[in-house]
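A.B. asks: Here are the chains, one letter per residue:
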Amino acid sequence: MAAIGLQLKRMLLAAREPKVFFLGFVALVVVYLVAMPLVVLLMGSFKFGPLALEPDNYVRAIVQDREGNLWFGTREGASRYDGKDWRKFTMKDGLADDRVNDLVEDSAGNLWFASSSGVTRYDGETWLIFAKSDGLARDHVTSIAEDSAGNLWFGTRGGVSRYDGETWRTFTEDDGLVDDSVTAIALDMEGNLWFGTKSGVSRYDGETWHTFTEADGLADDLVQAIAQDREGHLWFGTQEGASRYDGETWLTFTTEYGLVDNDVRAIAQDSAGNLWFGTKRGASRYDGNAWLTLTEADGLAHDLIQAIAEDSGGNLWLGTSDGVSLRDGENWRTFLAGGTGAGNYVLAYSDPKIITPLRNSVIFAGLAALLGFAIGTAFAWLVERTNVPMKNLASAFVLVPLIMPGVLFAISWVFLLSPNIGLINVIIKAVFGLEEAPFNIHSLGGMIWLEGLVMAPLVFILMSASFRSMDPSLEEAASVSGAGILTTARRITFKLMLPATISVLLIVFVRGMEAFEIPAILGIPSGIMVFSTKIFLALQQVPKDYGLASTLGVSMIVLSATGVLIYHKLTAKAYKYATVTGKGYRPRVIDLGRWKWVAAGSFIAYFLLTVGLPFFILLWMSLLPYYSVPSLDRFAEMSLVNYKDAWNYPNATRAIRNTLILGVSAATLIVLISAVISWIVVRTRMKGRQILDILAFMPIAIPGIVSGLAVMWAYLTFMDWLPVYGTLWILIIAYTGKYMPYGTRATNAGLLQIHKELEEVAETSGASWWRTFTKVTLPLLMPALVSAWIYIFMVSVRSLGEAILLYTSKSEVISVLIYDMREGGETNVLAALGVMVIIFMVAVIFTVRALGAKVGAQRA
Amino acid sequence: MLQVDKLRKTFPVGGGKVKAVDGISFQVPDGNFFTLLGPSGCGKTTTLRCVAGLERPEAGDVTIGDKKVCCTEKKQYTPTHKRDIGMVFQSYAIWPHMSVFDNVAFPLTVDKMGFSRGQIKERVLHALARVKLDGLANRPAPQLSGGQQQRLALARALVKEPRVLLMDEPLSNLDARLREQMRVELGQLVRELNITSLYVTHDQVEALSMSHVIAVMDEGQIAQIGTPAQIYSQPSTKFVADFMGSTNLFEGKALTDAAPDTLGKVETVLGNWHCTLPEGIRKGETVMFCMRPENFTTYRENPGLESNVLEGKVELATYLGEVYDCTMAVGERTIRVRIHHSFAPKPEEKLFLWLPPQNCSVIKLQ
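Note that the protein sequences, when read in sequence, are chains F and A. Note that our numbering has the first sequence beginning at 1, numbered continuously upward. Note that our numbering has the second sequence beginning at 1001, numbered continuously upward.
Mixed in with the good hints there might be a few duds.
To be verified - Listed below are several chain A residues computed to face chain F (Cβ distance under 10 angstroms; list not exhaustive):
no., residue
1, L1054
2, R1056
3, F1089
4, P1096
5, H1097
6, K1160
7, P1162
Unchecked claim - Okay, the calculated beta carbon distance ranges per label pair:
no., chain 1, residue 1, chain 2, residue 2, range
8, A, V1018, F, Q753, 25 to 35 angstroms
9, F, K644, A, K1017, 53 to 63 angstroms
10, F, K495, A, K1074, 29 to 39 angstroms
11, A, P1079, F, I566, 34 to 44 angstroms
12, F, K495, A, V1018, 27 to 37 angstroms
13, A, N1194, F, K495, 33 to 43 angstroms
14, A, R1300, F, L758, 46 to 56 angstroms
15, F, G825, A, P1012, 48 to 58 angstroms
16, F, Q753, A, E1267, 51 to 61 angstroms
Quick caveat, the hints were computed from the structure, so don't treat them as lab data. A virtual CB, placed ideally from N, CA and C, is assigned to each residue, including glycine.
Model the full assembly from the supplied sequences, consistent with the hints where possible.
C.D. replies: Written as structure tokens, this is what we have:
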């Protein structure tokens, strides 16, 4: 303890020095920005159920109250779900017993809970318990029903008790009940009460009792459920099948008819008229003709179904012995009890439907990475090692696509390659007289194609660097040793580039895993899901499935982080490979001969595919009142009205302003923080500086949508006292955290190149640390800061993933606005906005470049 | 034999072009050690790379043995890997992904030479032993020290027993002591193997100590070709004299015609000098007169010699251990003189300097 105290005292003393205090503070800011949301997300994924159904998964009764809340009776209390939040009620709240056997809402709006220790009435405020001492036949109550007169009937193990609000009356075998052990009660349309018992069914019309048993045609004397359908038929669930009584004849349905299992525990009719049977081995639906079976294989939480109910929205709820299943269109969603543990993961990964997005993600990211790698590497090789003409222009052609926002890029390609209206499809169909469109962008192939094109610039940048950093004499030595071009390529070049190759592939694979814009625009409409869109949809549906989202998010981080770790290892190894001579390499330029024009053409083709064609189609659409395939007769309809509309579009100017504020603040914050962080990492021997370095690099492995999710959670739960949620601030916070790696990587490299002595000479000249940092270090770092600033500004304007979860109408940004406009079908106005955005981006980047060049010139 | 004829190579720089090699020719007889010596940017490395086939010259021919490997007129170029050469790079170019053994074995495994495994092993181990790297065969190559990498590069270049060995500043990345040691070893090894060598360096000590013939290059052209002794003591241009360390250069006038085996006479501001005149110098011609600082003999008393004696005053004497580096005032001029430490010159001291006629060099001005 004393040692820790001493250490602390030393740290505090050190922190009194302004420099150490400042550095420590910035370091803490980074920890806060990067680590905090991740920790919250990770904790959340273990803690919160996928909309935790509390308290138990064994559901015996479901009822919807008049306010629309759904109530679930379980073995460990009752749960109420208001469509958003879950609340659990137990004995602590006032229930007679946590074991809820049945629950109903009476005509006065009171909820009645049947339990083994009496019944509980809840009027929304107070809890009232009725037990044997109050006049109930027995404390063990199995079922409850209200008759047409408003009396409540309670089925117990010792007869039936009737309560009229004041007095109790019990009916037993002595009164005519077939058996005192009552299992189910139902009221029919004519006002008769039906009691299911262990020895048959009793009907009571208010005066007389009538008994039906196996002898009359009932499938089995032990009745587990009673229900009446619209036609007035009564249905009885037994262990030997379901029996139907139409007032005259009995008919029993068993597995032979199509029932999934004879042990019928629950019966209900939905608003479409289908009868639903909950059995021990799944649910059966009977539409009067055919039977349909649903089991765990179809997505049910469990096969043992004890309760069935339809809510006012027409959604069917099945209470199983392991959670509630909600039918949501064709799919089933499961609600489980909350708690702490790996439940979410088990749930997410035991769902067979998770396999498809997982597979899609891997295929999508893998093939897009390969495609992007092939294009980017080929271009890098052409520029670095061959005599392809006009290298500067060629490089620009590869890098300009970085400016295009992903959403716009994807949307424009829909208009180029969609099967019906896609320009390229239309042209090919016309030229070759095809019936069918040759391409469909709304496919996994289409998504891979676009993502591959988008990734190429990054690959180009990374591979160019690695081509440049490879000492060409390593290849020349092979040549001199007698190896031909192919042998040299195979045994030297390829082997030497292998670590770089793998690491670049990994990085683009990680980028592919996190890609959101293209899968969202192309995949969601056609139902092709990947991880990122799955997370997005989990949070789009009502109720929001935070559990699934966070579980998938953490899984994505694990996947990407593994990739980034391997990348780190490999690049470290690659450094070992680098044999530095300190001399500028002048690699031998390979003469392509006539092929160099083909190579030049490939740059132009790439530029056309990524910028030319998309921009053209956007421009075309922006000038027309509605989309149509380009032709000459359309020119008459051209106008600038879409631009006016785009400018006057609600929120458009605000979105532009927000985007600018966001891009500028995030980029500026990041480069400044990065400069300080790099200074700590490169120049000091501060404890934990390596951890700081890794921490600042980590967000590269965090998919944008997950980072948005993590920040959202952090500021909705742990940090909710800081009112940033719903403002632009939360976006700035999220972006600053997410894009930190781009800053620190640039400043790390930049600072390593600035000789330490340049700073030391300032200090020996009498400058304080702060003055040295601001007057010497920062100005020298300026070129690195400017290029990092431009890159971060570009990605923060382009990206959609983070913003889409964090924006509100007040803090909407351009990418989200475009996405929403597209959802709203306003494509022509969208196109006009897109054209303006692209022009604007180009202008901003050129301005900053020009300013940066000025700064650089001053330095030189 | 290695022969280079009228080689020319230009590089595009900015908008224009730079003549890296401007029509140079030389011959290296079999078993000779030929050095291209010059400051950086003089075109020596480019010449070597043209010989290797790593650069393609615009004009000129290269012949290795009896095979013309580069004939620009006929546009016939033998690719590098088909030229019978070995090469040591300045960066060593040791493949970091291979072991020491694999690095050396590489040239034997690529050319379908038909060596069996055993033969390869034998040759590689022999080559490694020759450069004193035996025992390190299984090391990963990047683990070697700088000097070891240098030897490895040499072993790799020699293992195929090429007709010509090309070396591009192989010692420039070593520290001073190691460089000296390697210089001696390299010289010995090359002499033992009697291999035709083309060596590129900017270091005159390396060039003088190892070469049979040195070509001093300046701006893409050969300034002077000759034996080390010729280059050192009879520089034929001002550039060579300057580059080889002659700091005391004075313009003078020949007082006699050049004649074989006879001393001539030159008049300078420092007086008249008896010296050997290079061929072709006529009486009355303006020449450049060089005095190497280390060639003076120093006296405290006037030695009473007829000519080639200067009287000067020590202005500055810097102790360098073995010698004093002195700046001396002679009349209006200053000259640099190196004086043995045992002589211990003192500032302001008056000394007599004698420069024997055989140690004077006279450069014919172009």
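A.B. asks: Going through the numbered hints above, which ones does this structure break? Give me the numbers in ascending order.
C.D. replies: none
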